[in-house]
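Top to bottom, those sequences are chains A and B. Read in order, the letters of the first sequence are residues 3 to 476 in my numbering. Read in order, the letters of the second sequence are residues 242 to 558 in my numbering.
Source of the hints: derived by calculation from the structure; they are not laboratory data. Note that beta-carbon positions come from the ideal geometry of N, C-alpha and C, so glycine has one too. Not one of these hints is a red herring.
DSSO-like, lysine-lysine: derived pairs with alpha carbons at most 27 angstroms apart: (1) A/183 / B/247; (2) B/247 / A/445; (3) B/278 / B/427; (4) B/247 / A/261; (5) A/27 / A/145.
Take a look, some chain B residues computed to stay more than 12 angstroms from chain A by CB distance: (6) 315; (7) 316; (8) 317; (9) 373; (10) 441; (11) 455; (12) 494; (13) 498; (14) 507; (15) 541; (16) 552.
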Amino acid sequence: MLFNSFEFLLFFPIVTLIFFLLPHKWRWLHLLIASCIFYMAFIPVYILILIFTIIIDYYAGIFIEEAEGKRRKWWLGASLVANVGILVVFKYYNFFISNINESFGLQQTTPLPLLNIILPIGLSFHTFQAMSYTIEVYRGKEKAERHFGIYSLYVLFYPQLVAGPIERPQNLLFQFHTEQKWDTQRVYEGLKLMLWGLFKKVVIADRLSLYVDQVYGAPQDWPGANIIVASVLFAIQIYCDFSGYSDMAIGSAKVMGFKLMTNFNRPYFARNIQEFWKRWHISLSTWFRDYLYISLGGNRVSNVRRYLNVAIVFLVSGFWHGANWTFIIWGAVHAVLITGYTFYKEYINKSHKSTWLGNMWSLALTFGVVVIAWVFFRASSASEAFYMIGQMFQADFGNFTLNPKADDAQFGNTSALIALFMIGLLFVNERYQDVLQTRLNNKPYLDVAFNTMILFFIIAFGVFQRVSFIYFQF
Amino acid sequence: MNTILKMIVPVAGALVLATLLQKGIEKGSARYHVHKKERMNEILRGTTRHDILFLGSSRMHNTVNPRVVDSVTGLNTYNAGAEGGRFVEFRTVLEGYLAKHPAPRLVVLSVDGHSFYTKTRMFFPIQYFDHLDNPVVATAFREQKEDFNWMYLKYLTPLRIIYYDDYAKSLAFRGLRGSNELKMAKTYNYKGYLSNGTACIDTLHAKPYKKVTLIFDEEGRKAFQDIQRICAGRNIPLRLVYVPEWRGMMQQSFNNFPQWRTVLDSLRGNTPLDMDDNLPLSQDPCNFANFGHVNDRGAALYSALLGQRLKPLITNP
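So here's chain A without its partners, still in its complex pose (with noise of 0.2 angstroms):
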């Protein structure tokens, strides 16, 4: 199901009401059903896959909690392998087998065979989730979850289990076992995020998609200053349409009185890699740091392996994304650019003094290269993100029209002039993010009157085709 279709117009206040009328005790049993059904609704039979791990990690949380010794990382040990076991098989397998096929010639002979299956919606968002939880009872910070009703609800939380934030057990559980009060307010914060990111999502970024995807589908039919702009558009696309689900995941559970973790802090304003990652996809960045480079040694090694831990992380961090060389090469590109920037913090450019100009230089700077590092993640294979680098280098401006090859009808003036209004509205909501809400919270017609001009324009301008959320594919 998702955020943006009517079936959730209809399945989210039954369920949120519903949540409200029932006495604490039975709530969870509720929101597990819900839960189901709003997994239910893409592929059926893959809530078997969850059912399993949820199972698995259950009895390995009670299991590390009770054993002693080497027991207990055996116990890790069974959970993780059945976890990543999972990714492997289902995200992962086709793409090593079809690179071993390649590598040693056997497409021509004896092709090692392939898995015909469609991958788990949200697959890798939930695993490191429930990752998380076996991690942190190993390491003595978690207590192990004695509830299987509310655990199996941890893994399986509606408004966060297919695209994140990817939680943490000692955030998330115990709010579980809180009787969570109706409190007005509170719903209306939560309705407020909502609408925003159903209007990041259907208003700016499926609307950016459909010169994106032009683009991106043909590039050679394009010309380097098309490739540019679709580029540029991409980075806010991804960004809406992402930052809008984890938007609208906080939000829905906001208003039943769930708070999960931030996952965006308005990531391009960011003056350097480092910075951006602190604010981009909050959720998985902190997981890899506290599960795997705190793992590698953290901050504790020297400072060669202290870069090659980064570097490592990048790379894995790629990989997480998509089984596909881009995803690799765009981790690999990242980790290139935030080891060289932090040798340059640390060797170079130790006193670094910050100048407005300075500031600005560095914040287009670092939108430059991440957008450039999209190329890869956009693109269809690694050698065609070449092309299109190569193409955007050579571009030329001077005779730039929005639309040369494609048809008007699909992304024209009229998309064009409605897509820079409101990526105009985004950028001065987030720009300005302290003072509006300062300025909102003080003045409440003029809080209505924001949310009604966003409510409108969801009508009026969203683009409503079925577009899914493109970190659905995680």
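Since the structure of chain A is already known, use the hints to place chain B on it.
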């Protein structure tokens, strides 16, 4: 302000604004799409008896001029070609037409490479919005559950606006400013036919279309067979035609045109098919507006030829 009120007012306010915009867009759209509106009204509400009904995509819509056919045959014909249409949409048009009109004496269905395609079941759906009360149209929309929500269309009319894309909105805006599709294209229409103007193909700069692979899915095949069944059920002879294209350029843009022909032949049975892709008029760029569509001159030439071919079928069945 009360928090509950702060939640209700934006919803009510946005719905009022959306309703106003929706009304404006519907008005502008009706003014702009004069030809489509007239055509849909005739097909779905008209009761005139036509001797021949022409069905098909834009390749029929822009190709067969009833004025020429009528003058050659002395009959009363109507062109119900639908821009971007496929078999699925032709079926809706035919069913909708037959619901009110007396059965024609002959249906001529234009077939082309994309006819079996079903991903887009209605190319320009908003032209049907005035006819949602029509049971045939209602069924067609209800069958497209993934693309259209019947609740929005029928009962939550302010939300109908979500089905107008940016382009449709901009055209509606032009309509409100007094323009229309015929003025914009400097063209004319007659009994469903829409002239493609007089411009010729620029042979110096014309580039071949990008190659695509044609799809013949089950639903498309079924829709074609349904059309045959509907005609047979009403004792209306059906004739298929592949209208002219410039020097086979459309066919060359398909990776699997021979396969398309095999599929069509296997499904059509005894239904006659006129492949008019190799007529002498197909060699002259001045008969064509683009590779797949004749211009006004080409339409006149082809309509005369088709009229002469069809006349004996009606007068001496």
